[in-house]
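Got chain A; can you put chain B with the ligand on it based on the hints?
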Amino acid sequence: MLTLAFDTATGVATSALVRDGEVLGERASRAARVLADAEELLQQAGADPRDLNRLVVGTGPGSFTATRMGLAAARALAFALELPLAGVSTLAALAAGAPGALPVVDAGRREVFTLVDGAPVVAAPGQLRLEPGETCVGDGAIRYRDVLEALGARIPAGESELHLPRARFHAELAGEPVDPEAVEPLYLRLPDAEQAR
Amino acid sequence: MEGSNQRAGRLILGIETSCDETAAAVVTPDGRILSNVISSQAELHARFGGVVPEVASRRHLELVVPVLREALAEADAELETLDAVAVTQGPGLVGALLVGLSAAKAVAWANRLPLVPVNHLHGHVASLYLQPEPIEPPFLCLLASGGHTLLIDVAEPGGFRVLGTTLDDAAGEAFDKGARLLGLGYPGGAAIDRLAREGDSGSYDFPVARVHGLDFSFSGLKTALLYTVRDLSEDELERRRADLAAAYQRAIVRALVARVHEAAEQNAASRIAVVGGVAANSELRAALPEAAFAPLPLCTDNAAMIASAARYTEAVPFPGYLALDAYASG
Ligand SMILES: [Zn+2]
Chain A
404 MLTLAFDTAT GVATSALVRD GEVLGERASR AARVLADAEE LLQQAGADPR
454 DLNRLVVGTG PGSFTATRMG LAAARALAFA LELPLAGVST LAALAAGAPG
504 ALPVVDAGRR EVFTLVDGAP VVAAPGQLRL EPGETCVGDG AIRYRDVLEA
554 LGARIPAGES ELHLPRARFH AELAGEPVDP EAVEPLYLRL PDAEQAR
Chain B
0 MEGSNQRAGR LILGIETSCD ETAAAVVTPD GRILSNVISS QAELHARFGG
50 VVPEVASRRH LELVVPVLRE ALAEADAELE TLDAVAVTQG PGLVGALLVG
100 LSAAKAVAWA NRLPLVPVNH LHGHVASLYL QPEPIEPPFL CLLASGGHTL
150 LIDVAEPGGF RVLGTTLDDA AGEAFDKGAR LLGLGYPGGA AIDRLAREGD
200 SGSYDFPVAR VHGLDFSFSG LKTALLYTVR DLSEDELERR RADLAAAYQR
250 AIVRALVARV HEAAEQNAAS RIAVVGGVAA NSELRAALPE AAFAPLPLCT
300 DNAAMIASAA RYTEAVPFPG YLALDAYASG
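Chains as they are written, first to last, in this note's numbering: chain A, 404 to 600; chain B, 0 to 329.
So here's chain A without its partners, still in its complex pose (with noise of 0.2 Å):
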């Protein structure tokens, strides 16, 4: 089985292609780019989209507009090449490329999205109950390092691959396919003119 998963949500866009559980390729980039990235991966795997029979998405939580790129991508793909859809949040997949860390992704406004038990959150980072010594990965560890460090927390260094939500966990997470437009953004947030009201 040929899996394509790509994730768009945060600062750098990932995608991976996968066959059978192993990894051919992954690339790091940004979202406007992620399908030039899958394009990449299949033409070094000397595959083709239609080989293709499966795909995965990053719902996020990160940029509303960064995360709906990828998910509109993914539904459209859906849709043409009729293949099966899955979406994995991208909290999911930043915690399972450093198994024990806390996925911390920047939310702007001075807050992040990260998981308080098992669930998705947005919260200022100095609010966030660490264990001593825990492991914080994702760019609003890095963002916030200084705060984080000060509550505790261990944050590998800036370039480590740690702090990417890798799409072949994306692929190796996802669970059965669903109705692709029932794959969606994990916002966290409502648009600003709904909380003003």
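To be clear, the hints were calculated from the coordinates, so they are not data collected in a lab. Fair warning: there could be bad hints in the mix.
[Stated by the list, open to error] Derived coverage of chain B by chain A (criterion: at least 3 residues anywhere in the stretch with Cβ under 8 Å from a Cβ of chain A; other residues may be distant):
#1 61-72
#2 91-97
#3 312-324
The structure displayed is predicted, hence computed values, not measured ones. For glycine and all other residues, C-beta sits at the position ideal for the given N, C-alpha and C.
For chain B with the ligand alone, kept in the frame of chain A given last:
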């Protein structure tokens, strides 16, 4: 049915998500519209009194694939029979544009099709090139909508040159803001148009700023209406609402028509055309009897006009478009 003919291929799929309409259409190379599906979000934005970009973008994501599926089905077209995918690249709300662009890239990539990135303004002009009554350049074009007010010199179908633009609000925006002040709801253009028919346009004299060159300014007009409304009691406003709508509409239409005539004279334009949402306004249509107006269904944002513009725009062959980005202005 010319079905077999159509299925021979060479169809253009257009996708448009620059503002608050999620739209997809299938058009033939000679400009026949086989389908033109528009899912308007007007109701969704009505409670905010205008388009909220993040709300619009979320809705585009929900609608984009269903809408393009419907456009293909209505045209009896398969993705395999397409010649190209056309999509609005800008200008517009970036978050909204990127939903359509991402979907368009994916559909084109899946089928190794070329992608045609279309300028939204060119799209509005190209609404005039569609069957059954296409017009040909050269002409002077007024593009007036909720997002734009432009005077455009169109010398050939592939291009356009902007002669003047609004310095503040767009004409359609002026209608929307006026409608809000009059308690008419959103979108405001149609509501004012309707109510104005019952009013006396001479009962109020709203000034329209004269700005340099061929540019427009509508913000002063909105302020004048605001002051007038503020000085009226609720009963008076109720009684005079139709008069206010009529006078306000007349001021906008007069400003547009005056500039169109000036531009036509300066550029020795033999022909005038009007496109965009405000082109649906009945008073504007009556005030420019000599002009060619975009057909009503093609005035507001739609994807048939994007597919139409693609016929005169260079396509980006596979795989050169895979990293394409949207642009907000320009
Ligand atoms: Zn428009």
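Hints, one by one, checked against the model:
1. 61-72: Three-residue rule met by the stretch 61-72 of chain B, so holds; n is 6.
2. 91-97: holds (count 3)
3. 312-324: The restraint on the stretch 312-324 of chain B holds, since 5 of its residues have a Cβ under 8 Å from chain A and three suffice.
When held up to the earlier numbered hints, the structure conflicts with none and fits them all.
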